[in-house]
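Novice: Sequence:
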Amino acid sequence: MTPRRKYTTGGRRLGMAVVCAFVVGTVRPVDGQTMENTLVAWRTGQTAAAQSVGALPMRETSELITETARGKRTWRIVSGMRLQVMQGRAERRMEAMRVGDRDIDLNSGEDPQRRPRRPIRSDLERAADALLAPHTLVDLLEPIGDPSMETYEGIQVVRIHTVAKEDTTVDHITWDFDAASGRLVHLRGVVRAGDRGTLAVEVGFRREGSADLPVWSRSDGSFQFRRRTRTYTVLVESEARYELAGDTL
Numbered sequence: 000m001t002p003r004r005k006y007t008t009g010g011r012r013l014g015m016a017v018v019c020a021f022v023v024g025t026v027r028p029v030d031g032q033t034m035e036n037t038l039v040a041w042r043t044g045q046t047a048a049a050q051s052v053g054a055l056p057m058r059e060t061s062e063l064i065t066e067t068a069r070g071k072r073t074w075r076i077v078s079g080m081r082l083q084v085m086q087g088r089a090e091r092r093m094e095a096m097r098v099g100d101r102d103i104d105l106n107s108g109e110d111p112q113r114r115p116r117r118p119i120r121s122d123l124e125r126a127a128d129a130l131l132a133p134h135t136l137v138d139l140l141e142p143i144g145d146p147s148m149e150t151y152e153g154i155q156v157v158r159i160h161t162v163a164k165e166d167t168t169v170d171h172i173t174w175d176f177d178a179a180s181g182r183l184v185h186l187r188g189v190v191r192a193g194d195r196g197t198l199a200v201e202v203g204f205r206r207e208g209s210a211d212l213p214v215w216s217r218s219d220g221s222f223q224f225r226r227r228t229r230t231y232t233v234l235v236e237s238e239a240r241y242e243l244a245g246d247t248l
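No gaps in the numbering here: position 215 of the sequence shown is 214 in numbering that gives the first Met the number 0, and each next residue is one more.
Simulated from the structure, these hints should not be mistaken for lab results. Being a predicted model, the structure only gives us computed values, none of them experimental. Don't be surprised by glycine CBs; every beta carbon is placed ideally from N, CA and C. Incorrect hints may have been included.
Taking lysine to aspartate or glutamate and the DMTMM-like style, the derived pairs with C-alpha atoms no more than 20 angstroms apart in a straight line are [said to hold, decoys possible]:
| hint | residue 1 | residue 2 |
| --- | --- | --- |
| 1 | Lys164 | Glu35 |
| 2 | Lys164 | Asp194 |
| 3 | Lys71 | Glu238 |
| 4 | Lys164 | Glu141 |
| 5 | Lys71 | Asp100 |
| 6 | Lys71 | Asp102 |
| 7 | Lys164 | Asp145 |
| 8 | Lys71 | Asp194 |
| 9 | Lys164 | Asp138 |
| 10 | Lys71 | Glu236 |
DEER-style ranges, computed between Cβ atoms [claimed, not checked]:
| hint | residue 1 | residue 2 | range |
| --- | --- | --- | --- |
| 11 | Ser121 | Val98 | 17 to 25 angstroms |
| 12 | Glu165 | Gln86 | 14 to 22 angstroms |
| 13 | Arg97 | Asp122 | 22 to 30 angstroms |
| 14 | Thr150 | Ala95 | 32 to 40 angstroms |
| 15 | Arg72 | Ser147 | 38 to 46 angstroms |
| 16 | Asp166 | Val39 | 16 to 24 angstroms |
| 17 | Asn106 | Leu139 | 38 to 46 angstroms |
Start from the sequences, fold in the hints, and give me the full structure.
Specialist: Printed below as a string of structure tokens:
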């Protein structure tokens, strides 16, 4: 699976209230500005945009491959999603699921235990979701090494490496900021669910007004789960794309 780098909003537009809330100053890295100041200035702008929005309705389309000792499975899941931009949290409602060549009935009664579930551990998925609104993580991280000028997808970027200050679900993040505008273009990081799972995650962003919003993500890793007295390991690869939507939840 190869992630798509460009997405449209399918003709949808943010409401005027959302657009106005995002019209805040653009962060521009300048000579002599420290890495920490660059991150804090960007975080401040993103937080100001997020405060008036609360949650963004989006549609997530994800494709996954899971592998266990019993073999591989492919998944395609379409979900309505609210991205809680202030909390770095995503709320989803599955709208369609396909496993292999079989469509799954999502309306399988009132018993929650019998309803189809997403194929990744929920605590690991929550840790990865925080990278969709990464301004919420800046205070948990500290820069290491020196920033570097790199080229990503034809864009000159300032690359900054950060690691967790203490034991959290985020191990480290590498940030790519547009050298001309200061917008966040891309990040990659590692998240954990204790000793029960690890994911390497990449996210691509697009600027809407002055907000840097996710447009695609890619992850791979593994996690464990217990069934009766046995512990199983699952390998997983996933890709997702995100589109601004109407009221999806």
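Novice: Next step is simple, just say for each hint if it's right about the structure.
Specialist: Hints, one by one, checked against the model:
Pair hint lysine 164 plus glutamate 35 holds up; C-alpha atoms about 13 angstroms apart against a cutoff of 20 angstroms. For the hint linking lysine 164 to aspartate 194, the alpha-carbon distance of about 18 angstroms falls within 20 angstroms, and the restraint holds. For the hint pairing lysine 71 with glutamate 238, the CA-to-CA distance comes to about 16 angstroms; that is within 20 angstroms, so the pair holds. Taking the CA atoms of lysine 164 and glutamate 141, the gap is about 6 angstroms. The hint holds against a cut of 20 angstroms.
A distance of roughly 13 angstroms separates the Cα atoms of lysine 71 and aspartate 100; the hinted pair therefore holds under the 20 angstroms criterion. Restraint check for lysine 71 and aspartate 102: satisfied, since their Cα atoms lie roughly 17 angstroms apart, inside the 20 angstroms limit. With a C-alpha separation of about 17 angstroms, the suggested pairing of lysine 164 with aspartate 145 holds against the 20 angstroms cut-off. Taking the CA atoms of lysine 71 and aspartate 194, the gap is about 23 angstroms. The hint is violated against a cut of 20 angstroms.
Restraint check for lysine 164 and aspartate 138: the C-alpha separation of about 9 angstroms stays at or below 20 angstroms, so the hint holds. Proximity of lysine 71 to glutamate 236 is assessed by CA-CA distance (about 11 angstroms); at most 20 angstroms being required, the pair is judged to hold. Between serine 121 and valine 98, the C-beta spacing of about 18 angstroms keeps the proposed range 17 to 25 angstroms intact. Remark: the range hint 14 to 22 angstroms for glutamate 165 to glutamine 86 is upheld by a beta-carbon distance near 20 angstroms.
Hint check: arginine 97 to aspartate 122, Cβ distance near 25 angstroms, so the stated range 22 to 30 angstroms holds. Between threonine 150 and alanine 95, the C-beta spacing of about 38 angstroms keeps the proposed range 32 to 40 angstroms intact. Between arginine 72 and serine 147 the Cβ separation comes to about 40 angstroms, which falls inside the hinted range of 38 to 46 angstroms. Between aspartate 166 and valine 39 the beta carbon distance is about 22 angstroms. The supplied range of 16 to 24 angstroms therefore holds.
Against the hinted window of 38 to 46 angstroms, the Cβ-Cβ separation of asparagine 106 and leucine 139 comes to about 39 angstroms, which satisfies the hint.
The structure is inconsistent with hint 8 alone, although it conforms to all the rest.
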